[in-house]
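Enquirer: Generate the whole structure from the sequences, applying the supplied hints.
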Amino acid sequence: MRRLDKMAATALAALLAGCFTVHRSDFPDVAMTRAPEGREVSVKLAGFEATVVSYLPVYGYETVWQERVYRDRHGRLRDGGVHPETYSTTSYIPQTHVTTAFIERAQDKLEDAGFVVGLAESDYLVDVRFTGPMRGEDDTLVQCLWLFCSLLSADYGTETWSARLRISDAKTGRVLMHRDYTQKYAAAVWGPIPIFSPAAATATDSGVMQDWVLAALTDRALADATQFLSGR
1 MRRLDKMAAT ALAALLAGCF TVHRSDFPDV AMTRAPEGRE VSVKLAGFEA TVVSYLPVYG
61 YETVWQERVY RDRHGRLRDG GVHPETYSTT SYIPQTHVTT AFIERAQDKL EDAGFVVGLA
121 ESDYLVDVRF TGPMRGEDDT LVQCLWLFCS LLSADYGTET WSARLRISDA KTGRVLMHRD
181 YTQKYAAAVW GPIPIFSPAA ATATDSGVMQ DWVLAALTDR ALADATQFLS GR
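Just so you know, my numbering puts 52 at position 52 of the sequence shown, and the rest follows in order with no gaps.
A few of these clues could be false.
Said to hold, decoys possible - Straight-line alpha carbon distances no greater than 27 Å define the calculated DSSO-like cross-link-like pairs of lysine-lysine that follow:
1. Lys44 with Lys109
2. Lys109 with Lys184
3. Lys171 with Lys44
4. Lys109 with Lys171
Said to hold, decoys possible - Label pairs and their computed distance ranges (CB to CB):
5. Thr140 with Val22: 49 to 57 Å
6. Thr90 with Glu137: 31 to 39 Å
7. Thr140 with Ile195: 53 to 61 Å
8. Arg135 with Asp108: 50 to 58 Å
9. Pro36 with Glu137: 25 to 33 Å
Source of the hints: derived by calculation from the structure; they are not laboratory data.
Beta carbons: idealized from backbone N, C-alpha and C, even for Gly.
Expert: This is the structure we're talking about:
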């Protein structure tokens with residue numbers, strides 16, 4: 001019985017400490033067009049670059065001097081002098097680098113659709129460039145409303161990026177098709193503990209939002225690219 005009570009208390013504590021996603025944008029529903037049967041269509045990829053931030057943990061120790069006070073056998077406070085105490089510390093150093101995740105995603109999408117990717121001499125060049133993030137005044141206002149109307153128990157996150165698709169003849173360099181896209185992500189989260197619950201949410205994390213938007217833009221651009229290339 002005591003074990004069940006302990007498990008119930010642990011589950012309740014985890015529930016209270018958690019954060020729940022109230023709203024999240026739906027991922028675009030797109031389909032890739034397969035390459036024409038019996039004909040090899042080779043594609044070279046360019047762009048799809050995005051900068052991401054990761055955090056490198058650095059572990060160390062810190063020694064501080066603390067004053068020691070104790071009670072004698074009569075209950076009176078006595079000065080015990082100062083003594084050193086050593087604590088372990090962890091700090092995080094931000095590191096910025098360019099990720100290849102989205103060009104790899106594009107390559108997988110094209111190969112799954114039957115296109116040949118990576119030849120030295122290809123038929124077509126598919127170039128996608130990301131621009132962002134962009135944030136409007138309305139987004140800031142909505143976030144403030146979520147924060148203050150919920151007494152800091154909720155948060156609202158949004159991120160908007162644009163992408164430029166260019167498909168060129170790899171031999172002549174002539175642009176055959178171009179298209180621009182805009183993609184927005186929005187999510188709202190809520191938790192029972194003000195400040196701490198929203199801070200622990202992943203749906204409004206800047207890295208998660210960026211990954212979602214750029215993956216969506218990659219898929220949208222590739223859906224149009226495969227449709228165009230399959231008809232060439």
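Enquirer: State for each hint whether it applies.
Expert: Verification of the hints:
no., hint, in the structure
1, Lys44 with Lys109, "13 Å, holds"
2, Lys109 with Lys184, "22 Å, holds"
3, Lys171 with Lys44, "11 Å, holds"
4, Lys109 with Lys171, "23 Å, holds"
5, Thr140 with Val22: 49 to 57 Å, "19 Å, violated"
6, Thr90 with Glu137: 31 to 39 Å, "38 Å, holds"
7, Thr140 with Ile195: 53 to 61 Å, "19 Å, violated"
8, Arg135 with Asp108: 50 to 58 Å, "30 Å, violated"
9, Pro36 with Glu137: 25 to 33 Å, "47 Å, violated"
The structure shown violates the earlier hints numbered 5, 7, 8 and 9.
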